[in-house]
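S.K.: Below are the chains, spelled out letter by letter.
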Amino acid sequence: MTTKPLIDKPRLAELNETTLLDLLYYMKLMRAVEQRIERVLYRQGKIPGAVYSARGEEAIPVGSAAHLRPDDVVVSLHRTMGMFFIRGVPLRRIIAQYMGRKGGVTDGRDGNMHMGDLAYHIIAPISHLAETVPVAAGAALAIKMRGEDRVVYCYFGDGATSTGSWHEGVNFAAVQRLPLVLICDNNQWAYSTPLEKQMAVEHIVDRAAGYGIATEIVDGNDVLAVHEATGRAVARARAGEGPTLLECKTFRMTGHAAHDDARYVPAHLFEEWRAKDPIDRYQRYLREQGLLDEEKLNAMEARIEAEIDEAIAWAERQPYPSPDELERGVYYES
Amino acid sequence: MARMTYLQAISDALRYEMRRDPSVFILGEDIGVFGGAFKVTQGFLEEFGPERVIDTPISESGFTGAACAAATVGFRPVVEFQFIDFISCAFDQIVNYAGKCYYRWGIPMPVVFRGPCGGGVHAGPYHSQNPEAWFAHAPGLKVVLPATAKDAKGLLIAAIRDNNPVIYLENKFLYRHYREEVPEGEYVVPIGLAALRTIGQDLSIISYGATVHLCVAAARQLEREGASVEVVDLRSLVPLDKQTILDSVKKTNKVLIVHEANLTAGFGAEVAALISHEAFEYLDGPIMRVASLDVPSPFSPTLEMAMIPTVDKILEAARYLLAY
Ligand SMILES: Cc1ncc(C[n+]2csc(CCOP(=O)(O)OP(=O)(O)O)c2C)c(N)n1
Ligand SMILES: [Mg+2]
Chain A
82 MTTKPLIDKP RLAELNETTL LDLLYYMKLM RAVEQRIERV LYRQGKIPGA VYSARGEEAI
142 PVGSAAHLRP DDVVVSLHRT MGMFFIRGVP LRRIIAQYMG RKGGVTDGRD GNMHMGDLAY
202 HIIAPISHLA ETVPVAAGAA LAIKMRGEDR VVYCYFGDGA TSTGSWHEGV NFAAVQRLPL
262 VLICDNNQWA YSTPLEKQMA VEHIVDRAAG YGIATEIVDG NDVLAVHEAT GRAVARARAG
322 EGPTLLECKT FRMTGHAAHD DARYVPAHLF EEWRAKDPID RYQRYLREQG LLDEEKLNAM
382 EARIEAEIDE AIAWAERQPY PSPDELERGV YYES
Chain B
-17 MARMTYLQAI SDALRYEMRR DPSVFILGED IGVFGGAFKV TQGFLEEFGP ERVIDTPISE
43 SGFTGAACAA ATVGFRPVVE FQFIDFISCA FDQIVNYAGK CYYRWGIPMP VVFRGPCGGG
103 VHAGPYHSQN PEAWFAHAPG LKVVLPATAK DAKGLLIAAI RDNNPVIYLE NKFLYRHYRE
163 EVPEGEYVVP IGLAALRTIG QDLSIISYGA TVHLCVAAAR QLEREGASVE VVDLRSLVPL
223 DKQTILDSVK KTNKVLIVHE ANLTAGFGAE VAALISHEAF EYLDGPIMRV ASLDVPSPFS
283 PTLEMAMIPT VDKILEAARY LLAY
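Each protein sequence line maps, in turn, to chains A and B.
Every letter in the first sequence is one number past the one before it in my numbering, and letter 133, counting from 1, is 214.
Every letter in the second sequence is one number past the one before it in my numbering, and letter 149, counting from 1, is 131.
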């Protein structure tokens, strides 16, 4: 059940036309899926709980996940939808997950982005932010102990780096020189809390000075920059040089979740960052390179809409889990 | 009196205490500019300023420990957890620092830890928990759970004035679903007193928090069926109003205990042990419990509603006991 790596080679120069277009496809798919979930399904009352999206942040999961080999391990979080697609998790299962139905990645046991599937080497997060960092370090430790050529990615936001768990996990991974790529989606907000209330240093990477690991600040709205930087981090991890912290700077173009109108965000910031939209920007680049034209773009968009329609139709045909299942699987049996 | 939701009553109590006592300050994530994830502290930053309304980094252990220490030097901090589930990140500061402080050093620690608990809103395993038993087990902490808007106000004021660390658990389903007349201004509900929600002779249903309302609905139904049911709302688990529990049991001779937290090692077991020890000869039936099943709170509504107590589940157990 493993997926073919989208891009094997960490060198951008070796990316071919298909893979360059794939990066666009996955970013556009992520945006379209999240918009459909938030603006249609959620408003229709088909999604229980809260809905998070990552509008404007798509380049981070997509550009980074493009380096994953099938047996690499990922620890996800709530703004990493594109990574699930690249790993090969079927869209229909993701939609069913949001709806709390059978066939969803957790069969209705957990909601929206709290999903993982070891068949795809994706470890599900818990809500408690950055508790995933020690978990990712543990996965990397197992890889190191077995001498395998695999890496672990761990995604988190800027706010999560204020937790004790983040620091303990990073320190452990640093001391053990584990093959870990720490990917920070710095969208400059943690719910309503801006960076300057989150930390007294300027950059997330400044926090890493205390741990002695490699760091890099990346333009998180440039999918190719994210891709290149991740390639360097992965190479270091595979070479036994330990963890790297990538700080991908971007901006959250929505509220924290669907219920939040983000009135506390100065309007001019949305304006400024809209001009840096990662999808628009990459589309322009591909056109300039002569790799994208109107026809290809229309075909891609039509394909995305059709895939989403199909996935929603499938998900809506799945039943809700039966109460008979409720007590099953609290403990490992047999 | 003013008509208030349960949530407004919490805000009212906090505001009242902050106006009255300059040593009260509040801290937590997104409580200032945003007014809190559920808007309990809306308008507080404007009224009390950033020194008394502190937006914190996502550092539960950090700001909880800081609040505890401030409480030992003359302040009365109130810590908000965005969801009570995240209180686990601050477990050490609460259980090992706050809970043991007075016993070890004789230093009082007037600090309140509050946040939304409870399920029924399809928020999944990490935004639905009921952690009262974790803390009731730890000596040195008081634990209160208001079920009504009046109690939400009166117990919060009492908690802030208490010289002990108090865990104040507010139910997020009740926030906007429950509304009643609440006294304006000074209004204190002493910690450690239970309340009777219905008076009856045939069966005592002992509960606290959100399930009190389900028990009252069940009692009304049973009344129509000819039974007389007494609903005891504990309001405070630590300290526990043993007298009210025992008086009710000695009158009705039958006991059903109901809570939303899951069954095993839940607080209901403590109540059952108390009754069997102190009122054994009065019992005319087994002590029964209705609680959530012993599973993590599932996201899907079909699973979650099967897991938590409902009026029907309470009725079934009550009818069994009444016929016993
Ligand atoms: C330990 C903990 N405290 C509080 C929360 C509630 N919470 C959920 S998301 C969030 C903000 C997260 O900000 P950030 O890490 O920057 O990620 P972003 O949502 O911006 O992608 C908060 C406070 C939580 N999930 N875990
Ligand atoms: Mg953020």
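Hints listed in this document are in silico derivations from the structure and should not be mistaken for laboratory results.
Do not rely on the hints blindly, as some may be mistaken.
What the hints assert, rightly or not - Per the computed footprint, the stretches of chain B lying under chain A, defined by three or more beta-carbons under 8 Å from a beta-carbon of chain A, are:
#1 107 to 120
#2 273 to 286
What the hints assert, rightly or not - What follows is a set of in silico ranges between Cβ atoms, one per label pair, in the way DEER data are often shown:
#3 A:401 <-> B:268: 31 to 37 Å
#4 A:412 <-> B:121: 29 to 35 Å
#5 B:183 <-> A:412: 31 to 37 Å
#6 B:268 <-> A:409: 47 to 53 Å
#7 A:391 <-> B:268: 50 to 56 Å
#8 A:414 <-> B:306: 32 to 38 Å
Unchecked claim - Derived lysine-lysine pairs resembling BS3-like cross-links, with alpha carbons at most 30 Å apart:
#9 A:357 <-> A:278
#10 A:127 <-> B:232
#11 A:127 <-> B:295
#12 B:295 <-> A:183
#13 B:232 <-> B:295
Glycine included, C-beta positions come from ideal geometry on N, C-alpha and C.
S.K.: Decide, hint by hint, whether the structure agrees.
M.R.: Hint check results:
1. 107 to 120: holds (count 3)
2. 273 to 286: That given contact holds, which follows from 10 residues of the region 273 to 286 of chain B lying within Cβ reach (below 8 Å) of chain A.
3. A:401 <-> B:268: 31 to 37 Å: Check passed, 34 Å falls within 31 to 37 Å.
4. A:412 <-> B:121: 29 to 35 Å: holds (30 Å)
5. B:183 <-> A:412: 31 to 37 Å: Given about 43 Å between the Cβ atoms, the range is violated.
6. B:268 <-> A:409: 47 to 53 Å: violated (28 Å)
7. A:391 <-> B:268: 50 to 56 Å: Once the Cβ atoms are compared, 54 Å apart, the range 50 to 56 Å for residue 268 (chain B) and residue 391 (chain A) holds.
8. A:414 <-> B:306: 32 to 38 Å: Once the Cβ atoms are compared, 34 Å apart, the range 32 to 38 Å for residue 306 (chain B) and residue 414 (chain A) holds.
9. A:357 <-> A:278: OK: residue 357 (chain A) and residue 278 (chain A) at ~25 Å, within 30 Å.
10. A:127 <-> B:232: Roughly 49 Å separates the two Cα atoms, so the pair is violated.
11. A:127 <-> B:295: holds (27 Å)
12. B:295 <-> A:183: holds (26 Å)
13. B:232 <-> B:295: holds (24 Å)
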